[in-house]
Amino acid sequence: MNIRKSVVVSIVIVGLAAVITVVIARSLAPAHDASPDIVVVVKAMSPDMEFWQIVRAGIDTAAREFGVEPRVTGPWLERDIADQIRVLNEVIDEGPDGIILAASDYEALAPYADRAVAAGIALVTIDSAVAGDSSESFIATDNLRAGERAGEAMASLLPDGGKIAIVSHIEEVATSIDREFGALRALAAAGNFNFLGTFFSENTLEIAYAHAQRLMSEHPDLAGIIGLNETSTVGIARAVHDAGRASTVRVVGFDSSQEEIAFLEQDVIQALVVQKPFNMGYLSLRTLADLLQGRGVERFIDTGSELVTRENMYDPEIQQLLFPFFGMAR
Amino acid sequence: MTDRNASRPRRAYVLSRIGGIQASITVALSTMVLITILFMSVASYTVTRRVLVDTAQEYTSQLVSQLRASMDSYIANMKSIAEVIHRDANVRSYVNDADAGPGIQESVFSLLNSVSQTRDDISLLMVAGEHAAPVFHDRDLRVNPAVILDEQRWFRSAVAAEGEPVITPAQVQNVAADRYRWVISLSRTLPGGVLLVDLNFTIIEDLLSSVQLGTRGYVFVVSDAGALVYHPQQQLIFSNLRDERIDEVMATGNGSFAAGHGADERLYTVAESDSTGWKVVGVNYVEELLADARDVLVLYVLFGFLCFLLVVLLSQFLTVRISDPIRKLRESMKAVEQGDFDIQVDVRGGAEVVDLSRDFNIMIGEIKSLMHQNATRQAEKRQSELKALQNQITPHFVYNTLDSIIWMAEGREHDRVITMTSALARLLRLSISQGNELVPVSSELAHVENYLTIQRMRYSPEKVDFHIDADPATLHLNTLRIILQPLVENAIYHGLRNKDRGGHITIRVYRETDTLVCEVRDDGVGMPEELASSLLNGHHTSAQTHVRAGRARSGSAGEVSGVGVRNVHDRIRLYYGGGYGLSFETEPGVGTTVIIRQPALEQEEAEQ
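Here the protein sequences come in this chain order: R and L. Using the working numbering, you'd call the opening residue of the first sequence number 1 and step up by one each time. Using the working numbering, you'd call the opening residue of the second sequence number 1 and step up by one each time.
Note that these hints are calculated values from the structure, not bench results. Every residue gets a Cβ at the ideal spot worked out from N, C-alpha and C, and that includes glycine. Worth double-checking, as some hints may not be accurate.
Pairwise CB distance ranges, derived in the manner of DEER restraints [as the list claims (entries may be wrong)]:
1) Gly67(R) <-> Pro191(L): 49 to 59 Å
2) Asp93(R) <-> Ala259(L): 41 to 51 Å
3) Ala259(L) <-> Val22(R): 30 to 40 Å
4) Ser46(R) <-> Ala177(L): 18 to 28 Å
Derived contacts from chain L toward chain R, CB cut-off under 10 Å, selection only [claimed, not checked]:
5) Gln152
6) Arg156
7) Val159
8) Tyr180
9) Tyr218
10) Gln235
11) Leu302
Work out the full structure: start from the sequences and follow the hints.
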């Protein structure tokens, strides 16, 4: 009787201990399998969109460092708000742990960002914010400051002031609004500019070109044009170059592309405000990883910007921004 | 034993009896196993850790050496290409001779072009002179109008090196229009000019970025001046989002060092190139290296638990073998404690336990026989005690009676002498005869009647009047011998003798269900309640005080009668037990009744 009883007791103990052992072994073993499911929804997937390719490079670097395997998705081209909403909805339905979102539209994406948060998904926004406070952290260039930098650069190029115009990309996009406001603030501070207005290129090179061409023909004494994104800047630079007005019209632009760099070398563009998309990508994933591990994150993280001129463009640090390895390797 | 056992549910062994054998065995074995496992885990983890780190370091060291060799071979190749171009007569005359014709320029181009065809890692070849337009390896390439050669870094360092080849670390080459490529440049001055060999940096980048050092580990290259040639996280470093231990790398020629701690602990392995002075650095995350060591640790923890389980099982079985027989023995002992000496323990188990149970049985047997002996002795003792008590009664009475007879004889009262002597004779016969403890009530009544007859004669018939009232149904019942006489004696001495006009003694015998009751009542002076109870309970101090007081009035007989009453009480209690014996009903001035209770036993019953 005693033996049978002790056997039963032993079996119970063995069972319990086995469970405990498995639990302990699980907790001791590093969580290979438990890496969070993260999806990045960018504004554009096209390889031509160098900015987003570099963001992805930064995300990849962080992914390797933090041991996660994020999936990157998004509409093919940047202006496709409807497609981004569709993609985002699909992603929310998959129920990932976290989403990194670069909103194509400040207002239009907001309900879907709210929906993601309501579904218990941690949300971090990059580059362009959404309305509301669904996002735990916004990781972007401080566009106000970047716009201000562009304005200051223009002001120092034109110490005597003059007629000036801004060509921006899309009216409702937060980056556009902030940069414009920053640039105008810096120009207003200089006090001697005659502001002709802000014109929108709809992110199309030809429209930007047309705006610049029209401005130059309407105002022969035009002193400078500020382009608030890459397409706008290239459009302006091409128009100025083609019109042979490079010596009289100062151009300050945003971002870097091979064409912009060539114009910078040729002194068609005098200054470029360059963002740090690599950092943006890296920091976004790092922040989301922190968030998913329950650590506190900052509401806004400035990834910084840099003013590039002919003089400093081949400095090692700037070279990295203008010619990321990434663009080279492919 | 089994009854007690069944009534108390037995708890699970493991949990019961802290400090018992089970607990001792479990704790001892577990401690042993745990200490062993702990020691082995720590030892093996330490060894595994060291081996893993050593292996990783060895592997990384070979890897970075290989990478250095690959990079050196690229550089060496650039140098040999530069050497070929440098020696070429056409190149020299093209650069040096301002009047060189287009034919020479064409032959320079075909040299550069054919050299570039031999290798696909060449990004750009260029020859330029102070007065000679730059010639590229590709006819499509044009000089970037924005570039001034003299201001280029590679140009200036070539001039500074005075004819020796100079390597410029990774940079964006913008010398050709619309072409911005990351290259490593080799530049060398020619008499009157310069030559440029650009190595496609993508080659190096692919080489370095494809290296896998765990998942987080990486490789980077630092130039002899301490500038980063390649780093996978270069942008983070420039943005101060990450810092790299370049100073420590620069201080390390070939070899390795560890930096950081916790999850950020890294192992740096450095290989320095002799030809360029560049350092190839492999970085391993120690945490990753130790993932295997942790697996080993997990394995040990699992193993430890397995052993622990084994110990628990083992101690279960050991307990069954050791503590169970002991527990059975203990239960037997408990039964013995409760007075059960008929136990025979039959415990099976280890040889020691069998011996122990045999010894236990022997011991119980010994105790049992000892107790039996003891009981016999006690009974004998009681018997002799009874006899002694009984014997106490007779002598002094006999002496007193004989004294009276002598007095009567001297007074020549022959009839009274005869009556008294014959009464005494009957009395003595009844007292001494048989030696049997129990007698019929009739015999006991005859005994007391004889005694009273004598006493009446000693005193006077008026002084001691008596009446015996016995239920005839009780006459054949058994009673302890000589119980009425001491009480009657007591009644006479204490109750009647001190009374001026004499007194009356009534003896009643009747049956009260199973009890035989004898009453001896006198109408004497009575006595205080305390005295009555002290007579029975043996508080000798107070009893003796009273008896002494009594003696002061009555002479030497008082003491004897007090003892006699107690004797009767003690004898009844000795014989029948606590439920029987004497009780008093007394009232000073009215009289005393002594009630004797015995079990009502028929003669046959009593014999049994």
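Tested hints:
no.: 1; hint: Gly67(R) <-> Pro191(L): 49 to 59 Å; verdict: 57 Å, holds
no.: 2; hint: Asp93(R) <-> Ala259(L): 41 to 51 Å; verdict: 45 Å, holds
no.: 3; hint: Ala259(L) <-> Val22(R): 30 to 40 Å; verdict: 37 Å, holds
no.: 4; hint: Ser46(R) <-> Ala177(L): 18 to 28 Å; verdict: 26 Å, holds
no.: 5; hint: Gln152; verdict: 9 Å, holds
no.: 6; hint: Arg156; verdict: 13 Å, violated
no.: 7; hint: Val159; verdict: 18 Å, violated
no.: 8; hint: Tyr180; verdict: 6 Å, holds
no.: 9; hint: Tyr218; verdict: 8 Å, holds
no.: 10; hint: Gln235; verdict: 4 Å, holds
no.: 11; hint: Leu302; verdict: 6 Å, holds
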